[in-house]
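Chemist: Okay, here's what each chain looks like letter by letter:
Number of protein chains: 2
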Amino acid sequence: MNYYEKTLNTESVYHGSIIDVERLTVELPNGRRTTRDVVRNPGASAIVPVTDDGKIILVEQFRKPIEKVSLEIPAGKLDKGENPDHCAVRELQEETGYTSKNIRKILTINPVGAYADEVIHIYLATELSAGKSHPDEDEFISAKAFSFDEIMSMIEKSIITDSKTIAAILFAARLLKIGS
Amino acid sequence: MNYYEKTLNTESVYHGSIIDVERLTVELPNGRRTTRDVVRNPGASAIVPVTDDGKIILVEQFRKPIEKVSLEIPAGKLDKGENPDHCAVRELQEETGYTSKNIRKILTINPVGAYADEVIHIYLATELSAGKSHPDEDEFISAKAFSFDEIMSMIEKSIITDSKTIAAILFAARLLKIGS
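Residue numbers (the working numbering), protein chains in the order written: chain F, -2 to 177; chain H, -2 to 177.
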C-alpha cells in the first residue's frame, strides 16, 4: 500500500519553551487534503542505570501535564546539536550523581508518532559509581533505587506510567536476564 | 521533597485537529515562576491482539510527524466521554477486523508526561475471530501478524520504535510467558 503524505504547506502555530507546534497541510494517498498537528521537540536521551547489586535508579519529579509526581528513568533533552551519547552521560550524572564505566545504546523510541517528532535514545548504564547529583536550577528531582520486582509491581499498579520508562526497563531486563 | 507546581495562569495557544496546546504559568516549590507547555489530547485505547497460535497483530500506517511508516499495536483516540473499554473493542475491529472473546486492561501509560496530558489505556485481547476491518475514511492502514521473535528483532533494529507498542508487547509477553 502507498501510505505517503506529501507536505503541501507548513504553518508555525506556537513557539514554546520546550516544544514548537506546526500545522501541516498534507496530500493523502487518495489525493485528498487534510491537516496534521506536529509538535516539534529536540529529542532526548534516557538511561536505565543498573547498580552492581541489580537495583535500577529512577528519578522522581512533578509532571505538570499529568498533575502527578512521576517515577521515571533519568532523561533529558538534547541541547542544540548535541550528540545523544554525550547527553546520556551528562543527564545520568546531573540527575542521579552516578557515573558509568559501561554505557551503551539499546533502543530508539518515538513516544507519540501520531503528533510529535520526538525521538528518545535509550541507554543501558552499568558499572556505576555514586557521586553528587546536580540538577538544573529550578529542577526538583530525587533519585531512588528500586529492585526490578518493585518496579514491576509499580507498573502493574499504575504507579509507574511513563511509557519510555516501561519500554526501556522491560527491554533492559530481557538483555540482562533479570526478573524472568 | 515538595514537588507541587501550582497553576497561576492558563493561556490557550493552539486549537488543533487532534491536540490543543496551553501555556501554563506555574509557581515552583521554591516560589519562583516558570511556564509549562501542555499538549491536551483526549487519550486513547490500544490493544495487544494475540492469536491462538501466538502471533501478534500490528497495524502499519504513515506517521507524518516522524515521516515514516510505523508498525504499531492497534489504537485509537477516545471519542468525547467514551469509555476506554468500549474504545478498545471498537478500534480492534475497525483497524484489524478482529473481534475478541477475552479482552482485558493490562496497563495504563503516559506517553510524554513532560509536555502532554495523554493517557493510553492498554488491553490484551485473546480468543480472536477474524473479520473485515473498516478503518475511518482517509485512514490508510494495514493489519499484519508477526511472531514475538519477529517483533523483538524489529525492536532491536529500530524498525519498531513506537513507545506504547514496545511497552505493551513486552509487558503482555511477560503475562503470557512468551519469548522468555
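No lab work stands behind these hints, which were simulated from the structure alone. These figures come from a predicted structure and were not determined experimentally. One should not assume that every hint holds.
Simulated DEER-style distance windows between Cβ atoms [claimed, not checked]: (1) H/Asp133 with F/Gly128: 25 to 35 Å; (2) F/Lys129 with H/Leu173: 36 to 46 Å; (3) H/Gly78 with F/Ser126: 48 to 58 Å; (4) F/Tyr0 with H/Ser9: 30 to 40 Å; (5) F/Lys98 with H/Ala127: 43 to 53 Å; (6) F/Leu172 with H/Glu136: 33 to 43 Å; (7) H/Gly128 with F/Lys129: 30 to 40 Å; (8) H/Gly51 with F/Met(-2): 38 to 48 Å; (9) F/Asp76 with H/Asn99: 43 to 53 Å; (10) H/Lys174 with F/Ser144: 12 to 22 Å; (11) H/His131 with F/Lys102: 19 to 29 Å; (12) H/Asp50 with F/Asn99: 33 to 43 Å; (13) H/Glu57 with F/Asp135: 25 to 35 Å; (14) F/Asp49 with H/Ser139: 39 to 49 Å.
Quick list of in silico lysine-lysine cross-link-like pairs, DSS-like style, CA-CA up to 30 Å [stated by the list, open to error]: (15) F/Lys52 with F/Lys3; (16) F/Lys98 with F/Lys65; (17) F/Lys74 with H/Lys52; (18) H/Lys3 with H/Lys52; (19) H/Lys65 with H/Lys154; (20) H/Lys65 with F/Lys154; (21) H/Lys129 with H/Lys65; (22) H/Lys174 with F/Lys102; (23) H/Lys154 with F/Lys52; (24) F/Lys174 with H/Lys174; (25) F/Lys65 with H/Lys129; (26) F/Lys102 with F/Lys65; (27) F/Lys77 with F/Lys65; (28) F/Lys74 with H/Lys154; (29) F/Lys52 with H/Lys102; (30) H/Lys3 with F/Lys141; (31) H/Lys102 with F/Lys154; (32) H/Lys3 with F/Lys65; (33) F/Lys3 with H/Lys3.
Glycine included, every Cβ here is placed at the ideal spot set by N, Cα and C.
Chemist: All the hints need checking, so say for each whether the structure fits it.
Modeler: Each hint tested on the structure:
| no. | hint | in the structure |
| --- | --- | --- |
| 1 | H/Asp133 with F/Gly128: 25 to 35 Å | 52 Å, violated |
| 2 | F/Lys129 with H/Leu173: 36 to 46 Å | 43 Å, holds |
| 3 | H/Gly78 with F/Ser126: 48 to 58 Å | 52 Å, holds |
| 4 | F/Tyr0 with H/Ser9: 30 to 40 Å | 33 Å, holds |
| 5 | F/Lys98 with H/Ala127: 43 to 53 Å | 51 Å, holds |
| 6 | F/Leu172 with H/Glu136: 33 to 43 Å | 36 Å, holds |
| 7 | H/Gly128 with F/Lys129: 30 to 40 Å | 59 Å, violated |
| 8 | H/Gly51 with F/Met(-2): 38 to 48 Å | 26 Å, violated |
| 9 | F/Asp76 with H/Asn99: 43 to 53 Å | 48 Å, holds |
| 10 | H/Lys174 with F/Ser144: 12 to 22 Å | 21 Å, holds |
| 11 | H/His131 with F/Lys102: 19 to 29 Å | 40 Å, violated |
| 12 | H/Asp50 with F/Asn99: 33 to 43 Å | 39 Å, holds |
| 13 | H/Glu57 with F/Asp135: 25 to 35 Å | 42 Å, violated |
| 14 | F/Asp49 with H/Ser139: 39 to 49 Å | 46 Å, holds |
| 15 | F/Lys52 with F/Lys3 | 47 Å, violated |
| 16 | F/Lys98 with F/Lys65 | 33 Å, violated |
| 17 | F/Lys74 with H/Lys52 | 36 Å, violated |
| 18 | H/Lys3 with H/Lys52 | 47 Å, violated |
| 19 | H/Lys65 with H/Lys154 | 15 Å, holds |
| 20 | H/Lys65 with F/Lys154 | 34 Å, violated |
| 21 | H/Lys129 with H/Lys65 | 26 Å, holds |
| 22 | H/Lys174 with F/Lys102 | 26 Å, holds |
| 23 | H/Lys154 with F/Lys52 | 27 Å, holds |
| 24 | F/Lys174 with H/Lys174 | 14 Å, holds |
| 25 | F/Lys65 with H/Lys129 | 41 Å, violated |
| 26 | F/Lys102 with F/Lys65 | 29 Å, holds |
| 27 | F/Lys77 with F/Lys65 | 29 Å, holds |
| 28 | F/Lys74 with H/Lys154 | 23 Å, holds |
| 29 | F/Lys52 with H/Lys102 | 28 Å, holds |
| 30 | H/Lys3 with F/Lys141 | 25 Å, holds |
| 31 | H/Lys102 with F/Lys154 | 12 Å, holds |
| 32 | H/Lys3 with F/Lys65 | 12 Å, holds |
| 33 | F/Lys3 with H/Lys3 | 42 Å, violated |
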